[in-house]
Amino acid sequence: MTTTVPAPPRRRGPSPAAWSVTALVVVVHVLAWRGTDMSPAALATGWRGMADFLGDALPPDLDWDTVLGPSLRAAGVTFAIGLLGTSLSVPFALALAVLASRTTTYGPATYQVSRSVLSFLRSVPDVVFALIFVTAVGLGPFAGVLALVLHNIGVMGKLWAEAMEESDPGPRDALRVLGASRVQTVAHAVLPTVFPQLVGLLLYRLDVNVRSSLVLGLVGAGGIGFLINQSIKLFRFDQMATHILVVLVLVVAVDQISDRIRRRLA
Amino acid sequence: MSLHIRGLRKAFDGRTVLDGVDLEVAPGEFVAVLGANGSGKSTALRCVVGLDRPDAGEISVGGTGRAAMVFQRIHLVGRRTALDNVCAGALGRLPLGRSLSPLLFPRTLREEAMACLDRVGLADRAAERAGRLSGGQQQRVAIARALCQQATVVLADEPVSALDPSAAEQVVALLKDLAADGLAVAAVLHQPDLARRHADRVVGLAGGRVAFDAAPATLTDADLTALYAPMTITEPVR
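In order, the protein sequences belong to chains D and U.
Once you know that position 30 of the first sequence is 30 in our numbering, the rest is easy, because the numbers rise by one and skip nothing.
Once you know that position 138 of the second sequence is 404 in our numbering, the rest is easy, because the numbers rise by one and skip nothing.
Since the hints were made in silico from the structure, they are not lab data.
The beta carbon of each residue, even a glycine, is placed where N, CA and C say it ideally should be.
Check before you lean on any hint, since a few could be wrong.
[Claimed, not checked] Output of the computed footprint for chain D on chain U, the stretches with three or more beta carbons under 8 Å from beta carbons of chain D: (1) 315-321; (2) 348-357; (3) 377-386.
[Unchecked claim] Calculated Cβ distances over 12 Å to all of chain D for the following chain U residues: (4) Leu-362; (5) Ala-393; (6) Arg-398; (7) Gly-401; (8) Gly-402; (9) Gln-403; (10) Cys-414; (11) Gln-416; (12) Asp-443; (13) Leu-444; (14) Gln-457; (15) Ala-477; (16) Thr-486; (17) Asp-489; (18) Ala-495; (19) Pro-496.
Construct the entire structure; sequences and hints are all you get.
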């Protein structure tokens with residue numbers, strides 16, 4: 001018996017749209033290259049500067065009393081700024097996320113207003129918030145915490161709102177049908193369903209905020225960033241190398257611990 | 267009549283899904299609704315509970331005026347315990363202050379929910395996370411949640427389509443028992459055999475209309491074959 005199998009459809013080449021998108025991407029990259037003064041030649045001829053720098057930095061100065069001890073204490077402050085900056089933003093981020101998520105919001109006006117508040121908080125860099133708070137509470141970790149709280153409300157609120165929007169609509173429908181109010185539906189369907197995602201995003205933000213608090217230290221919020229800035233100004237690159245090693249340990253530790261928590265929740 | 271539907275019409279984007287459906291379910295009666303995919307069965311139930319808005323027709327629900335609904339995909343919160351999921355059935359009548367967290371649920375509600383779980387045979391699994399239970403057990407927890415809602419009308423939208431045959435048998439038998447207790451129960455089923463063995467009455471939907479409405483004993487194989495035969499379009503799509 002002979003049956004003729006229909007021929008597979010012919011492969012088609014990239015569409016004109018794909019070609020123009022590719023061309024556009026290339027053009028944008030060329031412009032970006034020019035706009036940033038990219039110059040591999042300068043890098044090649046100036047390698048000696050980097051070698052001198054690294055020569056000064058190695059071996060790191062690990063003296064406990066003058067370098068490593070203060071470095072670890074300062075790393076503790078840096079972590080504390082990141083931790084409080086994350087956890088104190090939780091209630092505000094949660095309230096705004098519920099209002100800024102299409103599935104839980106009260107109406108178009110509430111939705112737009114809360115989205116705008118989140119966008120504003122997100123678009124002002126935490127360093128700028130820090131400089132503003134310094135004028136009120138002076139240099140130090142407190143200004144850093146306040147800055148991180150505001151910026152983090154914007155970022156985490158948006159991430160949480162998106163997680164809620166992508167949650168399974170089934171449990172929501174089930175509770176709506178049996179007469180639950182909007183707040184009840186949020187409390188008993190949306191939040192318990194997306195809880196693992198919210199915690200995952202929270203830990204990711206903690207990770208980012210600990211690193212941000214390092215940068216805030218550079219502009220005066222204290223912590224290990226301040227020590228790094230100081231050692232650079234004093235040309236003590238061997239001390240700077242120690243501080244950076246401590247930062248590395250801190251960041252890896254936060255990453256490992258949050259990764260473990262996330263895996264247990266999944 | 268506990269559930270009373272008359273002349274229900276619904277179209278999605280000009281495609282008629284319900285074309286004047288009448289359905290009555292009395293207290294104590296278990297009605298199975300059969301029909302091919304797209305015949306409008308689920309849409310009819312969704313209109314009754316307010317998930318879809320009908321274009322025309324009358325719907326009246328006895329008792330609280332709100333029917334309870336059991337879903338094919340169950341829709342429990344997997345991270346919460348079976349008991350907390352059942353308690354959620356009462357959210358509509360709880361004051362806001364007692365309902366924001368399972369920790370605030372009144373003791374009387376927890377006792378009532380426990381009785382509902384016992385009714386579906388799962389009192390011993392009350393403290394377990396719903397997500398840990400088997401599919402059939404989860405669907406029975408969902409039925410307990412519907413009971414905790416204190417509705418007199420229970421609707422089930424393909425409640426056993428995702429279950430294995432023995433779990434399906436158990437769930438349909440449970441729905442039948444609840445009807446015998448005095449509830450009005452209507453279930454959309456894709457298993458004519460289950461409908462014939464358990465239902466008091468079988469309603470067939472085809473093309474958005476009621477094709478038959480009969481006792482299982484009078485239902486012929488020809489009726490069923492006609493119900494699932496490929497539809498021939500006899501009128502232009504409006």
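Status of each hint after checking the structure:
With 3 residues carrying a beta carbon less than 8 Å from a beta carbon of chain D, the segment 315-321 of chain U meets the three-residue requirement, and the given coverage holds. Only residues whose C-beta sits within less than 8 Å of a C-beta in chain D count toward coverage, and the segment 348-357 of chain U has 3 of them, enough to reach three; the restraint holds. Only residues whose beta carbon comes within less than 8 Å of a beta carbon in chain D count, and the segment 377-386 of chain U has 0; fewer than three means the coverage is violated. In this structure Leu-362 (chain U) is not separated from chain D by more than 12 Å, as the shortest Cβ-Cβ distance comes to only about 7 Å.
Even its closest Cβ contact with chain D, about 16 Å, leaves Ala-393 (chain U) beyond 12 Å, as expected for a residue assigned away from the interface. At roughly 15 Å, the least C-beta separation between Arg-398 (chain U) and chain D is larger than 12 Å, which holds for a residue marked as non-interface. With a least beta-carbon separation of about 14 Å from chain D, Gly-401 (chain U) lies farther than 12 Å from that chain, consistent with its non-interface assignment. Interface exclusion of Gly-402 (chain U) from chain D stands, the closest Cβ pair being 18 Å apart, more than 12 Å.
Every Cβ of chain D is farther than 12 Å from the Cβ of Gln-403 (chain U); the closest lies at roughly 17 Å, confirming the non-interface assignment. The non-interface label for Cys-414 (chain U) is inconsistent with chain D: the shortest C-beta to C-beta separation is roughly 9 Å, within 12 Å. The Cβ of Gln-416 (chain U) does not lie farther than 12 Å from every Cβ of chain D; its closest approach is about 10 Å, which violates its non-interface assignment. The claim that Asp-443 (chain U) lies off the interface holds: its Cβ sits roughly 21 Å from the closest Cβ of chain D, which is beyond the 12 Å cut-off.
Every CB of chain D lies more than 12 Å from the CB of Leu-444 (chain U), the least distance being 16 Å, so the non-interface label holds. Every Cβ of chain D is farther than 12 Å from the Cβ of Gln-457 (chain U); the closest lies at roughly 22 Å, confirming the non-interface assignment. At roughly 27 Å, the least C-beta separation between Ala-477 (chain U) and chain D is larger than 12 Å, which holds for a residue marked as non-interface. The claim that Thr-486 (chain U) lies off the interface holds: its Cβ sits roughly 36 Å from the closest Cβ of chain D, which is beyond the 12 Å cut-off.
With a least beta-carbon separation of about 32 Å from chain D, Asp-489 (chain U) lies farther than 12 Å from that chain, consistent with its non-interface assignment. With a least beta-carbon separation of about 28 Å from chain D, Ala-495 (chain U) lies farther than 12 Å from that chain, consistent with its non-interface assignment. At the 12 Å boundary, the C-beta of Pro-496 (chain U) stays outside the reach of chain D, the nearest C-beta of that chain being 23 Å off.
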